[in-house]
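Number of protein chains: 2
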Amino acid sequence: MNSYHKETVKIYKALKAIQSELTGRTQFSLANLTININGKDGLGGLIEEWFGVWAEKEGFNIENPKKNGSSQKFPDYYVWNDGEEKHHLEIKTFDDDASANFDIANFQSYCESLAENPERVYADYLIFAYQIKDGNLKINHIFLKKIWEITCASKRWPLKTQTKRDVIYNIRPSNFKNEKSGKHPSFKSKDEFINALFKTEEQYLEKPSENKKNYLKRIQQAR
Amino acid sequence: MNSYHKETVKIYKALKAIQSELTGRTQFSLANLTININGKDGLGGLIEEWFGVWAEKEGFNIENPKKNGSSQKFPDYYVWNDGEEKHHLEIKTFDDDASANFDIANFQSYCESLAENPERVYADYLIFAYQIKDGNLKINHIFLKKIWEITCASKRWPLKTQTKRDVIYNIRPSNFKNEKSGKHPSFKSKDEFINALFKTEEQYLEKPSENKKNYLKRIQQAR
Numbered sequence: 040m041n042s043y044h045k046e047t048v049k050i051y052k053a054l055k056a057i058q059s060e061l062t063g064r065t066q067f068s069l070a071n072l073t074i075n076i077n078g079k080d081g082l083g084g085l086i087e088e089w090f091g092v093w094a095e096k097e098g099f100n101i102e103n104p105k106k107n108g109s110s111q112k113f114p115d116y117y118v119w120n121d122g123e124e125k126h127h128l129e130i131k132t133f134d135d136d137a138s139a140n141f142d143i144a145n146f147q148s149y150c151e152s153l154a155e156n157p158e159r160v161y162a163d164y165l166i167f168a169y170q171i172k173d174g175n176l177k178i179n180h181i182f183l184k185k186i187w188e189i190t191c192a193s194k195r196w197p198l199k200t201q202t203k204r205d206v207i208y209n210i211r212p213s214n215f216k217n218e219k220s221g222k223h224p225s226f227k228s229k230d231e232f233i234n235a236l237f238k239t240e241e242q243y244l245e246k247p248s249e250n251k252k253n254y255l256k257r258i259q260q261a262r
Numbered sequence: 040m041n042s043y044h045k046e047t048v049k050i051y052k053a054l055k056a057i058q059s060e061l062t063g064r065t066q067f068s069l070a071n072l073t074i075n076i077n078g079k080d081g082l083g084g085l086i087e088e089w090f091g092v093w094a095e096k097e098g099f100n101i102e103n104p105k106k107n108g109s110s111q112k113f114p115d116y117y118v119w120n121d122g123e124e125k126h127h128l129e130i131k132t133f134d135d136d137a138s139a140n141f142d143i144a145n146f147q148s149y150c151e152s153l154a155e156n157p158e159r160v161y162a163d164y165l166i167f168a169y170q171i172k173d174g175n176l177k178i179n180h181i182f183l184k185k186i187w188e189i190t191c192a193s194k195r196w197p198l199k200t201q202t203k204r205d206v207i208y209n210i211r212p213s214n215f216k217n218e219k220s221g222k223h224p225s226f227k228s229k230d231e232f233i234n235a236l237f238k239t240e241e242q243y244l245e246k247p248s249e250n251k252k253n254y255l256k257r258i259q260q261a262r
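Protein chains in written order, with the numbering used here: chain A, 40 to 262; chain B, 40 to 262.
Extracted from the complex, chain A is given alone in its bound form (with noise of 0.2 Å):
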């Protein structure tokens, strides 16, 4: 079951429900001269920097921990329902005119991370599929997802990473956006994506994992 945390819920709900309106535009002003942006450069961070100023003026329960200046690498933001935990929210854009490519996580950093938060598998995204034109930009879809459930295998590995010379990278998306085209299909579960995921770091280091056993041991210790 792909239990999504109550407030991203309806965080969700709140955004679809003003989709029509989630239109907009980046202007750049130096020396009394305004212009237009339409690069894509740097685009995620404003939709995600813009989300979190939303989500806190629409009243939601939103946190960004790098707020304060602290230099934490994730969640990108907390979200919790009153009095209970935080849960870890995670924003992703991409251009929708292309294949969804963004960067899920460093692949090495994650395996780490889960071995020493596994709660982090159970983070959710929301993703934004824009579109620009002539300077004007247009959210096209919002999904909010599973790490499983836009994450796949690939040719070379049990899970899809971006892979240069050899050195894996980043952890990819799957083509979530539209199943039926892609070669691989997005995980089913999240044992599933856990299983490719550590699968993949063994072939890659090619011995046994370390942050595998740490991750069972502490999974093992929280029952």
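Think of the hints as simulated: they come from the structure by calculation, not from any bench.
In this text, a Cβ means the ideal position worked out from N, Cα and C, and glycines have one as well.
A portion of the hints provided could be inaccurate.
Simulated DEER-style distance windows between Cβ atoms [claimed, not checked]:
| # | chain 1 | residue 1 | chain 2 | residue 2 | range |
| --- | --- | --- | --- | --- | --- |
| 1 | B | Asn234 | A | Lys222 | 47 to 55 Å |
| 2 | B | Arg204 | A | Ser110 | 21 to 29 Å |
| 3 | A | Asn107 | B | Lys256 | 57 to 65 Å |
| 4 | A | Ser110 | B | Asn234 | 38 to 46 Å |
| 5 | B | Lys96 | A | Glu245 | 58 to 66 Å |
| 6 | B | Tyr117 | A | Asn107 | 39 to 47 Å |
Fit chain B to the supplied structure of chain A, relying on the hints for placement.
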């Protein structure tokens, strides 16, 4: 002699004349909520895009080769005197609160392109050092330079480059902002730079440089 192009010099002087007005901001709007952007991601691209619009509006002889959808990689802009040939102008930016660490060019592509277009070495570089605080952007310094005035040797190579896992990626700048504080001074001439460039290529590839051979052949023919 560092002979910058006449049109570049005019542009540089016009920018210096309004330097105190070179303040501004990036605003991002979506669904009737506008936020001031404090992040530096993509800021270089915004300044570069603004510069082209500004220079054209001011009536300078300037053209963005990428304007008509061309995927041309360099230069950022062409400048020219009336009736004369076009000259390369590159725009670079860096955070004035840190040291200049922008990518001057991809190392291997630069070696290859000099072999094809030896005149690329004479490109002018307009460099903007910015500061951003609470969403307010300020241009602190503007530099007009040639490539040999912003490059230097390094401990590892005759030419300072970004090198990771023994792979050379980009040509990286000297400490031209403050020559006294750098270990390696900027080069004194075009020839010093060219020598360092191809010497680095030969040490890196561990064989004579084909690019150097072709570069020398072309400049001989042009004489």
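Hint check results:
The hinted window of 47 to 55 Å between Asn234 of chain B and Lys222 of chain A holds, with their beta carbons roughly 50 Å apart. Remark: the range hint 21 to 29 Å for Arg204 of chain B to Ser110 of chain A is upheld by a beta-carbon distance near 24 Å. Separated by about 60 Å at the C-beta atoms, Asn107 of chain A and Lys256 of chain B satisfy the suggested range of 57 to 65 Å. Under the hint 38 to 46 Å, the C-beta atoms of Ser110 of chain A and Asn234 of chain B, about 41 Å apart, fit the expected range.
A C-beta distance of roughly 59 Å is found between Lys96 of chain B and Glu245 of chain A, which places it inside the suggested range of 58 to 66 Å. Under the hint 39 to 47 Å, the C-beta atoms of Tyr117 of chain B and Asn107 of chain A, about 46 Å apart, fit the expected range.
Violated hints for the displayed structure: none, as all numbered hints are satisfied.
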